[in-house]
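> Residue strings, one per chain:
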Amino acid sequence: MSEGAFTAAGGHGAVPTTGVPSGEGAPARPRAQPLWEVFVRSARGLSHTHVGSLHAPDAHLALRNARDLYTRRQEGVSIWVVPAAEVVASSPDEKDAFFDPAGDKPYRHPTFYSVPDGLTHL
Amino acid sequence: MEQGDFQARIDFQSRIDGDERIEPRDAMPEGYRKTLIRQIAQHAHSEIIGMQPEGNWITRAPSLRRKTILVAKVQDEAGHGLYLYSAAETLGAERDELLGLLHAGRQKYSTIFNYPTTSWADVAAIGWLVDGAAIMNQVPLTRCSYGPYARAMTRVCKEESFHQRQGFEAMTVLAAGTPEQRRMAQDALDRWWWPSLMMFGPSDGDSPNSAQSMAWGIKRFSNDELRQRFVDATVPQATHLGLTVPDPDLRWDGEHWRSGEIDWTEFYEVMRGDGPCNRERLRNRVAAHEDGAWVREAAAAYADKQAARAAA
Numbered sequence: 001m002s003e004g005a006f007t008a009a010g011g012h013g014a015v016p017t018t019g020v021p022s023g024e025g026a027p028a029r030p031r032a033q034p035l036w037e038v039f040v041r042s043a044r045g046l047s048h049t050h051v052g053s054l055h056a057p058d059a060h061l062a063l064r065n066a067r068d069l070y071t072r073r074q075e076g077v078s079i080w081v082v083p084a085a086e087v088v089a090s091s092p093d094e095k096d097a098f099f100d101p102a103g104d105k106p107y108r109h110p111t112f113y114s115v116p117d118g119l120t121h122l
Numbered sequence: 123m124e125q126g127d128f129q130a131r132i133d134f135q136s137r138i139d140g141d142e143r144i145e146p147r148d149a150m151p152e153g154y155r156k157t158l159i160r161q162i163a164q165h166a167h168s169e170i171i172g173m174q175p176e177g178n179w180i181t182r183a184p185s186l187r188r189k190t191i192l193v194a195k196v197q198d199e200a201g202h203g204l205y206l207y208s209a210a211e212t213l214g215a216e217r218d219e220l221l222g223l224l225h226a227g228r229q230k231y232s233t234i235f236n237y238p239t240t241s242w243a244d245v246a247a248i249g250w251l252v253d254g255a256a257i258m259n260q261v262p263l264t265r266c267s268y269g270p271y272a273r274a275m276t277r278v279c280k281e282e283s284f285h286q287r288q289g290f291e292a293m294t295v296l297a298a299g300t301p302e303q304r305r306m307a308q309d310a311l312d313r314w315w316w317p318s319l320m321m322f323g324p325s326d327g328d329s330p331n332s333a334q335s336m337a338w339g340i341k342r343f344s345n346d347e348l349r350q351r352f353v354d355a356t357v358p359q360a361t362h363l364g365l366t367v368p369d370p371d372l373r374w375d376g377e378h379w380r381s382g383e384i385d386w387t388e389f390y391e392v393m394r395g396d397g398p399c400n401r402e403r404l405r406n407r408v409a410a411h412e413d414g415a416w417v418r419e420a421a422a423a424y425a426d427k428q429a430a431r432a433a434a
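Order-wise, the sequence lines are chains A and B.
Counting in our numbering, the first sequence tops out at residue 122, every number present.
Counting in our numbering, the second sequence tops out at residue 434, every number present.
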């Protein structure tokens with residue numbers, strides 16, 4: 001028997017894949033809390049790495065929430081939060097043109113050069 | 123279809139077939155985007171609704187050790203929900219809208235959380251069986267084609283294995299305890315076994331959308347394959363505990379443990395909203411959201427005031 005489609009790929013058990021609105025493209029509510037991107041330095045000596053995002057009304061609470069959400073098991077020694085709206089990103093549409101200039105310059109890599117057998121420290 | 127769309131579709135599928143990841147701002151078919159938002163949102167809903175059955179036992183945990191473990195676990199479920207809402211938002215969904223759809227009963231969550239937790243042994247059984255089944259589902263998702271979902275799943279799976287182990291440990295203690303504790307353990311297994319098998323969804327023949335999800339690299343194994351893995355992994359664990367799996371038809375065929383027929387009528391009833399706790403779960407969720415409204419409003423007012431002061 002079948003009553004629409006279900007998938008268990010949704011993690012904690014089967015959920016319907018048809019007859020359910022996706023919730024995509026819904027207008028933002030006026031008082032929605034801003035979105036913050038979270039970066040965590042996992043240990044001294046390493047860079048901050050993007051780990052995800054969260055909502056918070058201000059920077060102070062964004063940091064607190066980030067601590068509770070992304071470092072419950074001592075995953076970090078330092079956190080950055082950045083308003084998602086402030087992130088400037090390259091566009092995937094112009095990806096090829098944008099990164100093309102580096103495409104024909106293999107001589108920037110050491111593997112471009114041949115090294116005689118038996119020589120070291122080159 | 124325009125030429126550009128056609129090319130974008132070919133690029134998309136060849137990326138998936140080449141086992142590359144799709145990232146938020148890539149061109150993607152509308153069906154892929156909608157399917158993922160729906161799936162990730164309902165996964166997130168399952169995590170936060172899933173706090174209730176176990177949260178029910180926090181104040182009555184049998185020891186301080188069990189209580190601190192349970193608090194940490196329930197807090198993790200909240201965290202898992204937030205990782206997932208965050209992944210859904212990278213696809214263009216609004217979190218408030220997704221919560222609105224949950225509260226209105228228009229998006230669903232896993233049927234498993236509509237069963238009651240009537241004894242402490244249920245908390246142990248949930249960790250062992252429900253989280254065990256969730257791990258079977260979620261580990262393949264760490265390789266799913268959509269980058270943010272896969273990354274959220276990697277984080278979730280690391281934490282989930284603590285959930286399963288603490289449940290199995292609690293079950294071990296009960297199964298080796300007094301005759302009454304043993305009965306509690308067996309009773310919990312009796313009640314959670316079949317709903318846990320239902321977590322994997324209807325049999326492959328009744329899952330028409332699976333093929334599309336597989337082609338898109340969202341789903342990697344069929345419902346029946348994952349269920350079989352779970353049964354094979356779990357039956358020996360039950361034997362180790364000295365408990366009996368409540369399935370008279372369960373048999374070893376030389377390669378696998380084959381279970382008896384699942385009562386799908388029950389699954390569809392619970393999904394429709396007629397499970398033992400559907401109304402209570404949703405009522406609690408809506409109440410928690412509404413009771414927290416003043417906190418969100420106060421925090422927003424404070425943020426506005428601070429911003430105004432900083433600008434002045």
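Hints may be right or wrong, so weigh each one.
To be verified - Pairwise CB distance ranges (calculated):
hint	chain 1	residue 1	chain 2	residue 2	range
1	A	D68	B	D371	43 to 53 Å
2	A	V82	B	T361	44 to 54 Å
3	B	R380	A	V82	31 to 41 Å
4	B	R380	A	A84	15 to 25 Å
5	B	F284	A	R44	17 to 27 Å
6	B	G222	A	Y107	22 to 32 Å
7	A	R44	B	W386	52 to 62 Å
8	A	G19	B	E419	47 to 57 Å
9	A	G19	B	E402	35 to 45 Å
Hints listed in this document are in silico derivations from the structure and should not be mistaken for laboratory results.
Each residue gets a CB set at the ideal place from its N, CA and C atoms; glycine is no exception.
> Range first: 52 to 62 Å. Now tell me if the beta carbons of R44/A and W386/B are that far apart.
Given range 52 to 62 Å: holds, Cβ gap about 54 Å.
> Using the C-beta atoms of V82/A and T361/B, is the stated range 44 to 54 Å upheld?
Given about 52 Å between the Cβ atoms, the range holds.
> Given the hint of 47 to 57 Å, check if G19/A and E419/B actually sit that far apart at their C-beta atoms.
This hint is violated: roughly 35 Å between Cβ atoms.
> Is the hinted range of 15 to 25 Å satisfied by the C-beta distance from R380/B to A84/A?
Cβ of R380/B to Cβ of A84/A: about 49 Å, so the range 15 to 25 Å is violated.
> Falls inside 35 to 45 Å, the C-beta gap from G19/A to E402/B?
Violated - the Cβ-Cβ distance for G19/A and E402/B, about 24 Å, lies outside 35 to 45 Å.
> Just tell me: holds or violated, for the beta carbon distance of D68/A and D371/B against 43 to 53 Å?
46 Å, holds
> Check the following: the C-beta atoms of G222/B and Y107/A are separated by a distance inside 22 to 32 Å.
Violated - the Cβ-Cβ distance for G222/B and Y107/A, about 56 Å, lies outside 22 to 32 Å.
> I want to verify a distance hint. Is the separation of the beta carbons of R380/B and V82/A within 31 to 41 Å?
Violated, since R380/B and V82/A (Cβ atoms, about 53 Å apart) do not stay within the stated range.
> How does the Cβ-Cβ distance of F284/B and R44/A compare with 17 to 27 Å: does it lie in that range?
26 Å, holds
Hints 3, 4, 6, 8, 9 from the list above are not met by this structure, while the remaining hints are.
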